[in-house]
Amino acid sequence: MAARKAFDELWGQGRGETARAGFEQLGDWVKNTPVTELARRQATAEAAFRNLGITFNVYGDEEAGERIIPFDIIPRLFTSAEWDKLSRGLEQRVRALNAFVADVYGPRHILKDKVVPEDVILGNPQFCVPANGAAPPHGIYTHICGIDIVRTGADDFFVLEDNARTPSGVSYMLENREAMLRLCPELFAQLAVQPIDIYPDLLRDMLYSVAPRGSQDPVCVLLTPGHYNSAFYEHSFLADSMGIELVEGRDLEVADDIVYMRTIEGPVRVDVIYRRVDDAFLDPLVFRPDSGLGVPGLMAAYRAGNVTIVNAPGTGIADDKAVYSFMPEIVRYYMGGEALLPNVETFRCREAEALRYTLDHLEQLVVKLVDGSGGYGMLVGPTASKQEIADFRTALTAEPQRYIAQPTLALSTVPTLTDAGIAPRHVDFRPFILSGADRVTIVPGGLTRVALEEGSLVVNSSQGGGTKDSLIIAAPPANGDEEEQHALPYGG
Amino acid sequence: MLSRTAANLYWIGRYMERAEFTTRLIEATLRLSSLSYGADAASATWESALAVVGRGPAPGETASPGATTFNVCRTLALDMENPNSIRSCLSRARDNARSARNALSSEVWQAINRAWLDVGDRTSPGGIQNTLALVETLKANSRGFEGALARMLRHEGFWFMRLGSAIERGDNSARLLDVKYYLLLPKGQKVGGVLDHDQWTAILQTVSARNAYRLFYHDTPKPWLVADLLLFRSELPRSITGSAAEVVDLLAEIGGRTGRQGEADRLARLRHSRLSETNIDEVFRNGLHEFLKDSIDENAQVDTAISQQFRFP
Numbered sequence: 001m002a003a004r005k006a007f008d009e010l011w012g013q014g015r016g017e018t019a020r021a022g023f024e025q026l027g028d029w030v031k032n033t034p035v036t037e038l039a040r041r042q043a044t045a046e047a048a049f050r051n052l053g054i055t056f057n058v059y060g061d062e063e064a065g066e067r068i069i070p071f072d073i074i075p076r077l078f079t080s081a082e083w084d085k086l087s088r089g090l091e092q093r094v095r096a097l098n099a100f101v102a103d104v105y106g107p108r109h110i111l112k113d114k115v116v117p118e119d120v121i122l123g124n125p126q127f128c129v130p131a132n133g134a135a136p137p138h139g140i141y142t143h144i145c146g147i148d149i150v151r152t153g154a155d156d157f158f159v160l161e162d163n164a165r166t167p168s169g170v171s172y173m174l175e176n177r178e179a180m181l182r183l184c185p186e187l188f189a190q191l192a193v194q195p196i197d198i199y200p201d202l203l204r205d206m207l208y209s210v211a212p213r214g215s216q217d218p219v220c221v222l223l224t225p226g227h228y229n230s231a232f233y234e235h236s237f238l239a240d241s242m243g244i245e246l247v248e249g250r251d252l253e254v255a256d257d258i259v260y261m262r263t264i265e266g267p268v269r270v271d272v273i274y275r276r277v278d279d280a281f282l283d284p285l286v287f288r289p290d291s292g293l294g295v296p297g298l299m300a301a302y303r304a305g306n307v308t309i310v311n312a313p314g315t316g317i318a319d320d321k322a323v324y325s326f327m328p329e330i331v332r333y334y335m336g337g338e339a340l341l342p343n344v345e346t347f348r349c350r351e352a353e354a355l356r357y358t359l360d361h362l363e364q365l366v367v368k369l370v371d372g373s374g375g376y377g378m379l380v381g382p383t384a385s386k387q388e389i390a391d392f393r394t395a396l397t398a399e400p401q402r403y404i405a406q407p408t409l410a411l412s413t414v415p416t417l418t419d420a421g422i423a424p425r426h427v428d429f430r431p432f433i434l435s436g437a438d439r440v441t442i443v444p445g446g447l448t449r450v451a452l453e454e455g456s457l458v459v460n461s462s463q464g465g466g467t468k469d470s471l472i473i474a475a476p477p478a479n480g481d482e483e484e485q486h487a488l489p490y491g492g
Numbered sequence: 001m002l003s004r005t006a007a008n009l010y011w012i013g014r015y016m017e018r019a020e021f022t023t024r025l026i027e028a029t030l031r032l033s034s035l036s037y038g039a040d041a042a043s044a045t046w047e048s049a050l051a052v053v054g055r056g057p058a059p060g061e062t063a064s065p066g067a068t069t070f071n072v073c074r075t076l077a078l079d080m081e082n083p084n085s086i087r088s089c090l091s092r093a094r095d096n097a098r099s100a101r102n103a104l105s106s107e108v109w110q111a112i113n114r115a116w117l118d119v120g121d122r123t124s125p126g127g128i129q130n131t132l133a134l135v136e137t138l139k140a141n142s143r144g145f146e147g148a149l150a151r152m153l154r155h156e157g158f159w160f161m162r163l164g165s166a167i168e169r170g171d172n173s174a175r176l177l178d179v180k181y182y183l184l185l186p187k188g189q190k191v192g193g194v195l196d197h198d199q200w201t202a203i204l205q206t207v208s209a210r211n212a213y214r215l216f217y218h219d220t221p222k223p224w225l226v227a228d229l230l231l232f233r234s235e236l237p238r239s240i241t242g243s244a245a246e247v248v249d250l251l252a253e254i255g256g257r258t259g260r261q262g263e264a265d266r267l268a269r270l271r272h273s274r275l276s277e278t279n280i281d282e283v284f285r286n287g288l289h290e291f292l293k294d295s296i297d298e299n300a301q302v303d304t305a306i307s308q309q310f311r312f313p
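Respectively, the protein sequence lines represent chains A and B.
According to full-length UniProt numbering, the residues represented by the first sequence are 1 to 492, in order.
According to full-length UniProt numbering, the residues represented by the second sequence are 1 to 313, in order.
Quick caveat, the hints were computed from the structure, so don't treat them as lab data.
Bear in mind that the values here come from a model prediction, so they are computed numbers and not experimental data.
Hints are not guaranteed to be accurate.
To be verified - So the derived label-pair ranges between C-beta atoms look like this:
1) A:Gly-292 x B:Gly-259: 28 to 34 Å
2) B:Arg-151 x A:Gly-455: 45 to 51 Å
3) A:Tyr-228 x B:Glu-235: 42 to 48 Å
4) B:Glu-107 x A:Tyr-228: 23 to 29 Å
5) B:Thr-278 x A:Asp-197: 55 to 61 Å
6) A:Asp-257 x B:Pro-83: 41 to 47 Å
Cβ atoms here follow ideal geometry from the backbone N, Cα and C, with glycine treated the same way.
Next up, chain B with everything else stripped away, as it sits in the complex:
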């Protein structure tokens, strides 16, 4: 496979995953903001959604008064000035897909093209009902893409797209947790109140893990358990350990087919084994924020090593 094609596919995986994550973030934040009392609380909710995708106020800046539901939804979903908006992601995924079209099945291409066409002309998310309808469309399109992907031939093209989404998922989950880490206080400390409960629920919803939480912990959402789930439960595809394990496996698949293994494999295995040897108590002792920051950095290092190993242009 051409190196350029591999790069295109990898980035399709990343952009499609990022678009889906942002969709879920909007959905969860809509729910959270409608549960918040007062305009300030709702605004803070939306500020934190912006912070997750790196569009929040800079350190030291006060919250902008413009963080209304409508404005933030537009920034997150449709704003082409925002390189991480859903529309920007779909547009770049489609550009990559056009360029690597002969490495895609026609179903995958059509799923990406349809996702793009569905947001292509929209300039406004509309009211909450319309935004929710848009979220449903976007989620259906993501499922369409994943379904099409599942039917592809198991060859390099498939592995590279999956690799891109696994790397992206690791990054997204860590960012989501990092913005909310102040809610996830050390084990044993007293927290409470309706707002916190909803915040954890929103986090779980963003990574589609509400049911998974109940299944594993048989408990109402407790902050350290939410953190444990998102960091260490490899059964959850969006957990940091889960995505790290997937990266190791996918690199092994590619290496098995091409005979190329190297720095990316080494770094990915190293990260995974470190995660396996750590537990939630240790994380809280050393600081959750620091742990998440390291995790985002390690993920970026694996990403760079992948680019070099397969000579992405």
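Here chain A stands alone, though its shape is the one from the complex:
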């Protein structure tokens, strides 16, 4: 029973009796609030989400239509020390990722120095030829990065995945907090929780900051594939909170390498496009000609430097799981020091020895497609059937370069409301890191995803996972600070 031994975010090793230091209030709250009351509040929150239409569509499941992502009312907490450590590591990693992508589409020092093998990049399906040699305004590629973090012990945080293309989920971070503030105000009265509602402002500031040089009062838009897309709620939520237009491909047109949007008042020039459309659909003249989601001529406008695309085309190379396995080297190469946040140990099946090890230990490993996402195309060895293992063995042997393998980790748990009362469930964590022209910002929070099935390690929403609020507790004021604050209104 891995679930029993796993580190618990609230109780540590306290077995549901004593909370970790700093988490005593939450421990008391969980112990003292009747389960029926928690269930009632949770139902209220889910009804509100349905009324607000906070939904997502499940790919390949037409019948299911719109679903809400299950919301769990028991939050997960970080101490300020944990958060400081995490955010330093995240900033370092995102700076390295940006330097790496700029290098790969530019001078390629890292390939020439043989730190990353050339074929891992140039032979990679994520390598975006039309982006090659295009320097995006301000040199930033992954303006918005969602880095998935897992934890296995008190001091053991690992990066599971870099979502450097179009990470989603930030609307759930914000809506979960809104729900918690309304439903559990007593918790916030006891805990000094750092606020996150400034996120849309930070996002807008970031978008403005990366507009092509010289453009005054830039026009920013959010490009969505449309309201049938699984993350459409988030697209409209973000455009709305930033006060920018939510556009579809057919709302934009390109003339003389300049992007315009069609409005009732005539064409309006667009400077920054926060796109939530994948590279392959951005421009039918360059990528998939059969797609109507994009804008003909957009890549030419981008290459001419007339529009900023957020995140930049080609950033997917940094998402790639084969590249992920080189992240420790990549961080060292660009940042000149060890990665503050380590990778999960990763076997690159393209290497003979790693492949042999993987094939010999399939029952203990998680095997992933290097270009898969959302929990698709993966094998979870310990819970897989004999048939699934046999199928993966065949697939691995045929195309080993498409796979990586990782040990199954004892992911940390958080107390979660289940049909059978409060029980530990495995979680991961996705903070969102913004890279603007002049700074990297991280709002103190993120999306905690929780596997609702007992013992399950799969937290993806498309695979039936739920979400929780993630509270970062402010550091207690140092001596003297408190007095000074009180004195301000009188003395200032």
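Fit chain B to the supplied structure of chain A, relying on the hints for placement.
Leaving out everything else, chain B in the frame of chain A:
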């Protein structure tokens, strides 16, 4: 504002208005059919309700025997095969609202979403009591939508939704009258009987004008006065003149903000001034049916001109 967004908002206005109109039509017809003597009379009542929304028997067809209260209520309220059923309208309004969500206040979005959720899973209107309860819910939801709309910022989004509902109202009132025009005989001709009285009352109820009629005419419902009210009294928002005047004003508001004026403004003003120069005697001299047919066509021309002027996709 994006042209596509403007189109979405305009159609939200039209669909929400159409859903409300059909709700009122069901309510009025329920009342009328329960006052009718005999199954044939009740069936004819429901046939005419179907005719108003363009789902009646084709010319030359005899009345279908299936026009029972239950069947017609289901067709009008819940049938997704019927593109003008309340459920179809709410579903399309919601689709448009999802697509244009950032141009809506969250109250407006929630009002549309709630209206849709309330009919979403229903497959049957149930008996008369249940149908009446459904009508009450739908009317409350319409009021919820209008209340939310009233609290929106006065900007293009607001004007386009209102414009859609004004155009839709002009069309609905003309259709309602056109189906009943044979009841509205020329002034002076003798008509009478309980059934006619109830029919006029039902018409007034459909456009929520029973009290307005009494206020203006201090009389029991007389057919030419009912026609006068629905055609020419601009105080009544659902009158043809009232909606035509609103279209002129709304286009002027939009033009004032965007600097875009054109064919739609011209046609809308032309229609309004023609209506102002006409009176009920003239209409009856030249034929009410012809007048209503022209009115529906003119309304459709304004609609087309709006689409072109603002480059709806």
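Outcome of the hint check:
For Gly-292 (chain A) and Gly-259 (chain B), the Cβ-Cβ distance of about 31 Å falls inside the hinted range of 28 to 34 Å, so the restraint holds. The hinted range of 45 to 51 Å is satisfied by Arg-151 (chain B) and Gly-455 (chain A), whose Cβ atoms lie roughly 49 Å apart. The hinted window of 42 to 48 Å between Tyr-228 (chain A) and Glu-235 (chain B) holds, with their beta carbons roughly 44 Å apart. Between Glu-107 (chain B) and Tyr-228 (chain A) the C-beta distance comes to about 25 Å, which sits within the given range of 23 to 29 Å.
A C-beta distance of roughly 57 Å is found between Thr-278 (chain B) and Asp-197 (chain A), which places it inside the suggested range of 55 to 61 Å. Between Asp-257 (chain A) and Pro-83 (chain B), the C-beta spacing of about 43 Å keeps the proposed range 41 to 47 Å intact.
Figure legend: structure checked against the earlier numbered hints; every hint is met.
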